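> Sequence lines, in order, name chains A and R.
Just so you know, we're using our numbering here: the first sequence kicks off at 28 and counts up by one.
Just so you know, we're using our numbering here: the second sequence kicks off at 17 and counts up by one.
None of these hints come from the bench; they were simulated from the model.
Nothing here was measured: the structure is a model prediction, and the numbers come from that model.
Hints are supplied without guarantee of correctness; some may be wrong.
Said to hold, decoys possible - In silico DSSO-like links for lysine-lysine, alpha-carbon gap of 30 Å or less:
no., chain 1, residue 1, chain 2, residue 2
1, R, LYS486, A, LYS218
2, A, LYS193, R, LYS378
3, R, LYS378, R, LYS111
4, A, LYS50, R, LYS378
5, R, LYS165, R, LYS378
6, R, LYS165, R, LYS111
7, R, LYS49, R, LYS165
8, R, LYS172, R, LYS111
9, A, LYS218, A, LYS234
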Amino acid sequence: MILLVLIIILLIGGLAAWTVDRKDSAAARWISLAALALDALVLAAFWFDSSVRSEINRGAWLVELSRPWIPQLGISFHLAMDGLSLVLVALTLFLGIISVVCSWTEIRERVGFFHLNLLWILAGILGVFLSLDLFLFYFFWELMLVPMYFLINVWGHENRVYASLKFFIFTQAGGLLMLLSILALYFFHGKETGTYTFDYTLLLGTKLPPLAAFWIMLGFLIAFIVKLPVVPFHPWLPDAHTEAPTAGSVILAGLLLKTGAYGLLRFVLPLFPDAVASISQTMLILSVIGIIYGAVLAFGQSDLKRLVAYTSISHMGFVLLGIFAGSRTALSGAVMQIVAHGVSTGALFIIVGMIQERIHTRDMGQMGGFWSAVPRLSGIALVFALASLGLPGFGNFVAEFMVLLGSYGMHPAITIFAASGLVLSAIYSLWIVQQVFHGEKKEGLRLTDLTMRETVMMAAMIIVIFWIGMFPRPLLSTAGPALLSPGHGQVQEQPVGTAGGENEQH
Amino acid sequence: MNSTDLIALLPYLTLAATSVVVMLVIAFYRNHKLTVFLTLAGFVLSAASMRYASCVLPREVTSLFIIDCYAFFYLGLVLLAGFVVAAISFSYLEKHPGHSEEFYLLLLFATLGCAVLAAATHFASFFLGIELLSVSLYALAAYLRHSNKSIEAGVKYLILAAVSSAFILFGMALVYAEAGSMSFTEIASRAAGPEVHHLPFLAGIVMIIVGLGFKLAVVPFHLWTPDVYEGAPAPITALIATMSKGAVFALVLRYFTRIDIHQHASLLAVITIIAVLSMFAGNFLALLQTNVKRVLAYSSISHVGYLLVTVLASGALAQIAAAFYLTAYFITTLGAFGVITMLSDGTRDADRMDDYRGLVWKRPWVAGVFTAMLFSLAGIPLTAGFVGKFYVVAAGVGSALWMVIVVLAINSVIGLFYYLRIIVVLFTRTRDESPALQRTSRIGSLVLAVLTILLVWLGTYPGPLLDIIKETVLF
């Protein structure tokens, strides 16, 4: 029941925020915050339950809810959570709270409707992370797009209509391919066993002819790598991220991209192990292209927000590399990167948002010399720029290191190219710092330093990114067993280092 | 004909009786409110009598009708459409000069025609239904006599529908000459034999398909659609888009199931081509439109294309998909045109994009309903359109119609463009956001609210409807 409660609290919270808006828009913000905080409390209480902790170590489903929904088609309302989902749900709630707080002064129009959309996106994302019925998964997958579309379309920047349309069409097209694959899988399984069902746990062992398996896998794969995004499928990302309001960018970068990675981990690897093996080489090459392409293009941007958007493409390349490298360490690294990138890029988007709120531009040509004017903002920006370039001590370092370490054993050439991403990320990260915070102060820029609210919010993010960088064990031990248990892919054990122990010393 | 037959026909008799009562009332005492009330009551009574009549199902009444669950299901849809159209027309007609009462009379006739089509198993009843429907629609499309566009729509519909009726009639004659019978069952048994290759038989079937293609507005027989949709009064556009298409589709599906269309490869090929063309042409042409009614006209062409996928697919799943998709399409289209009707005034229908600019901030409820309907047309979750599309795709995948299904998927994406374009306009930030004051009838708002609730209900919990639909599957 707890899983349903998590989703329902957000749905109701959104409606409540929308209703009270007519009288008092501040109340809408508080209600949203309360709903998310309540969710976080429920989740924390669950996480620290001792019986749950032992279940996590076994890599089993921690809690499950299954009710018939459309029995005529074998569709059930099946939610379940394992360690991987648990980590991602926690990330969702954390970034959800952050995005409510970061919109506190930025969003002044139609506040209630904004929070309705915000909370419903989060509810949709929770649904995606928790669904174990393929129909339900597709349902949530599509559902989270609509409020996101409105978020960009109504509260976005100059080019918002174009960006929101592009975002919607790209993801919807990918989603439809996935729908075809889901149905094909459904019929193959039904013809083989006689039970027509969309239930993930039952579909897991489906025997597919190799050709069919390949095509069905491809439908899933394309939906997920459009979301991730992987390079030829990325054009929606820079536009959507740049035009979205800050909270929208945080959710896009921090959570929506992650649903693609989650889909690969949860569905593509376990459902089609053989087909995945045949395509993994291609995916590895695409991941390296993404890492380098994103970094190079990031360096070429003059729009600060667009720059951060391109760094996402680069960082998500590491996630893809980790997922398809085929080793346990790399896989754990990918999960680590999901969390670290969510926090660090989210923070960078918030910093851009704060700068834009103050000087009403994102053009780096008009920035400069912020260090003396706004030391607190600049210091925090430096922290996240360093996190983004993968400085040891931050979560990003652990993640990228583990991915590279895990993939080196089997794919040395690809890993070497991927490692160049670390160098390139240093270039663009320091470029931001140099352009925006150092140098001559531009005339006529009036800046105010961070308020209490902003400082607390950023401090929370710094704590998280440091915590997972210095002490990654709890995160890895929560998500790790789930990645290795049955139904989570045939990942070979590798002699290269153990997941947590080696990196803990950094 | 005995009393059991009469019980089976009760919903039809109720409808016919209502028409007569309404006609007499208009003759003696002209009153718009009373007429609407009688019409709505007639629809409700007819629907209620289905429950009473359902205990004698299925029953062949003379050789003209088969009253079975299938007929009753589509009859129910037709009655729903008639009810909604009558309800939304009230305030619409109040805004227009001239007598409004005959409108409802014609509406009742059109409904009766559609109801007949849903149960027809004989050329005579088939043609009777088609003509009852078409003749009423000629008058209804041109009902606003002060509007040139409405008259244009009426004349266009008259000419093309009359031609298509002629095609059907000639086709029937040819088939009858070969088969020696006008009953569907007989024709179906002949279609399995060697006669099927005789030229007159084939020509007859093709001509009937052409005529039905006009009624369904599928490509290449769709040319009348955008003009008639644009010119006809908004409630009538809703009627043409839902009731007339739905009833004709019910007939087509019944006939094709009876002759087992999968035995006839050439027929399947023709329908595949029509379906694919309808999807592409409907969606691409919709992209080029700036008039909301025309957008919906072209979108309805593509929706019939999607619907035809269920004809190509085989088995019970395909029939369930057709029935569900059609239900979702009815609710959605009625809702969308209901909104247009509600926003229209005495001078013209609200069919320009400008009429919708920033509507969300001015009239949030109406705009919310419209958004929901557009999302349903686009097949986004939480709406009936989503489950409908899911079912159609499932039926297609289940019969391994890969080419058609991929075309359908591509077209869903194209469709998103123009649905989202309207939604963008609805959500545009405008300077003037004072709530617009416009009188809307209580019954119209209520009907729209109920349609929206139905839309979401079927989109989230379609189980009960699916149980009903399961009863209607023909074998």
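> Could you run down the list of hints and mark each one as holding or not?
Taking the hints in turn, this is what the structure says about them:
1. For the given pair, LYS486 (chain R) sits about 21 Å from LYS218 (chain A) by alpha-carbon distance, which is consistent with the 30 Å threshold.
2. A hinted pair counts as satisfied when its Cα atoms are at most 30 Å apart, and LYS193 (chain A) with LYS378 (chain R) qualifies at roughly 27 Å.
3. Under the criterion of a C-alpha separation no larger than 30 Å, the hint pairing LYS378 (chain R) with LYS111 (chain R) is consistent with the structure, at around 21 Å.
4. The straight-line distance between the Cα atoms of LYS50 (chain A) and LYS378 (chain R) is roughly 17 Å, inside the 30 Å bound, and the hint therefore holds.
5. For the proposed pair LYS165 (chain R) and LYS378 (chain R), the alpha carbon gap of about 29 Å is at most 30 Å, so the pair holds.
6. For the suggested pair LYS165 (chain R) and LYS111 (chain R), the alpha carbons sit about 17 Å apart, so the restraint of at most 30 Å is met.
7. Straight-line distance between C-alpha atoms of LYS49 (chain R) and LYS165 (chain R) comes to about 27 Å, which keeps the hinted pair within the 30 Å bound.
8. With a CA separation close to 25 Å, the supplied pair LYS172 (chain R) and LYS111 (chain R) stays within the 30 Å bound.
9. Annotation: proposed proximity of LYS218 (chain A) to LYS234 (chain A) holds, straight-line Cα distance about 11 Å (limit 30 Å).
No hint from the list above goes unmet by this structure.
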